[in-house]
Structure formats: C-alpha cells, structure tokens
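**Student:** Sequence:
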Amino acid sequence: MDRSIEIAVNGTRHAFAVDDRRSLLDVLRSDLGITSPKYGCGLAQCGACTVLVDGAPARSCVLRAAKADGAAITTLEGLADAGTGALHPVQQGFVEAAGAQCGYCLNGMIMSALALLSANPEPREDDVRSALRHNLCRCGTHAEIVASVMRAAELMREAGGSPATDDAAPGESAGTLRQAREGASA
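Quick note on numbering: the sequence shown equals residues -9 to 176 in the working numbering.
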C-alpha cells in the first residue's frame, strides 16, 4: 500500500508516495540518487547504511521510509560545504588520520561519529569505540578510525563551531517538518 511522505534530505524537501515495505535506504539510493549509505547486510548489523534521522544515527536498511515521514535526514553528501567544497571536520579528521581503506564502511563510521561528537565534543577513546560498536570495518582499520574521530573532535573544537548539521531547508530547524505536521493536525 502506498503512503505519502515528506522528508528533508540534506536540507532539501522531498515528497513521495512510497510502499509501506520500502526501506529508507532504497528511497535514498533509488529515488534520490544518494549513494553514500551502502547496503551491507540488510539486517542493521554492519552500519554501512547509517544516516542521521533528526540527528540520531539510524540504520536505513531496516527503517521503513514511511516511518521517516516528517524527518530531517542527513547523509554523507550533506556534510561538505556546498559553496566551497570544504570538508566537514569529521570528514577532514578521517582524511588526516587515514581512517579509510576500502571505504565501504566509511559512510556509517562518519555518520555515527558525527552523532557522537554532536552529543559529546570531547570524547574519550572508549566513548568513540562505544559509539562505533555497531559499525563493522572488514579491512581492520579500527585503530585508525578511532584516531580519525579523535582528530575530528580536535578540528571541531578548533573551529569553535557546532558539529551538528541542519538537515532541514534553510531557516528551518531539523524537527520543523514533523512539528509543522503535528501542529497542523492539532
């Protein structure tokens, strides 16, 4: 059964009619051409499909698109500065500390790291390991990944900015779509 949904992906609103069984990953990749979230396991166990949904990490392979109705979605494509091309500090941290080898897990690692650093700008290495415990790296670069997140935290503190991204359209907060919909139905 099709259901109408509206989501904001990387600051752009999209309206769809989606089958209740379709995953958010399928909508992002097939309908929007967003390829950073990967299909790894389809069971929410590897983390390759991780995106931020209203700022929280979510496994898009098992999250039904209909459940994301009204949400602000952030993907890796939404992190770099669109005007200058400058990498987000989390991305830059991974570059500087060589946190990627094949890159397949990188999307999930970066999105999970962003969620951690948004909540905890000064994490300990144990905090990083805990935040990334649901993300698998088959290349075995876990030490470099932890170092990358620690470097990203330094870069974010040096920049003095907030690690959070605003996924909604310009001038809207991340929860605006849901809040607007809830307010309209009240």
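There could be a bad hint or two in this list.
[Stated by the list, open to error] With a straight-line Cα cutoff of 20 Å, these simulated EDC-like cross-link-like pairs (lysine to aspartate or glutamate) come out:
#, residue 1, residue 2
1, K57, D116
2, K57, D71
3, K57, D10
4, K57, D9
5, K57, D(-8)
6, K57, D21
7, K57, D16
Quick caveat, the hints were computed from the structure, so don't treat them as lab data.
**Student:** Each of the hints needs a verdict: does it hold here or not?
**Tutor:** Consistency of the hints with the structure:
{"no.": "1", "hint": "K57 to D116", "result": "violated (32 Å)"}
{"no.": "2", "hint": "K57 to D71", "result": "violated (29 Å)"}
{"no.": "3", "hint": "K57 to D10", "result": "holds (9 Å)"}
{"no.": "4", "hint": "K57 to D9", "result": "holds (11 Å)"}
{"no.": "5", "hint": "K57 to D(-8)", "result": "holds (13 Å)"}
{"no.": "6", "hint": "K57 to D21", "result": "holds (17 Å)"}
{"no.": "7", "hint": "K57 to D16", "result": "holds (13 Å)"}
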